Amino acid sequence: MEQELRARLGELSDDARKISEHARQALEHLDRGELKAVSQVIAVMHHKISAVSSDREGVLKLLEEHGVRPGD
1 MEQELRARLG
11 ELSDDARKIS
21 EHARQALEHL
31 DRGELKAVSQ
41 VIAVMHHKIS
51 AVSSDREGVL
61 KLLEEHGVRP
71 GD
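The opening position of the sequence shown corresponds to residue 1 in the UniProt record's numbering, with each subsequent residue numbered one higher.
If you are wondering where the hints come from, they were derived from the structure by calculation, not from laboratory data. One or more hints might be untrue.
Pairs of lysine to any residue, SDA-like flavour, derived with a Cα cap of 25 Å [as the list claims (entries may be wrong)]:
| id | residue 1 | residue 2 |
| --- | --- | --- |
| 1 | 18 | 43 |
| 2 | 48 | 59 |
| 3 | 61 | 17 |
| 4 | 61 | 51 |
| 5 | 36 | 50 |
| 6 | 18 | 53 |
| 7 | 61 | 1 |
Keep in mind the model is a prediction, meaning the values are calculated, not measured.
Work out the full structure, taking the sequences as your base and the hints as a guide.
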């Protein structure tokens, strides 16, 4: 389980990092007054945000399969 959990957490970390990078890019565009570019960068974040949600669900499911639940 630990190896699979490590892989899933790695994917979660990578996807979250990409979201952070996009947010920084959007801030840079905002600083330059490039509102259209801000809109475009934020729009493409949808895919990574969905991936993070999926990664999160996968991690929780794996843990739950091994009897570990949040709040227990």
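Hints, verified against the model:
A hinted pair counts as satisfied when its Cα atoms are at most 25 Å apart, and residue 18 with residue 43 qualifies at roughly 13 Å. At roughly 16 Å between alpha-carbon atoms, residue 48 and residue 59 fall within 25 Å of each other, so this suggested pair holds. Our distance criterion of 25 Å between C-alpha atoms is met by residue 61 and residue 17, whose separation comes to about 22 Å. About 15 Å separates the Cα atoms of residue 61 and residue 51, which keeps this hinted pair within 25 Å; it holds.
Only pairs whose Cα atoms come within 25 Å are accepted, and residue 36 paired with residue 50 is accepted, the gap being roughly 23 Å. Annotation: proposed proximity of residue 18 to residue 53 holds, straight-line Cα distance about 14 Å (limit 25 Å). Under the criterion of a C-alpha separation no larger than 25 Å, the hint pairing residue 61 with residue 1 is consistent with the structure, at around 12 Å.
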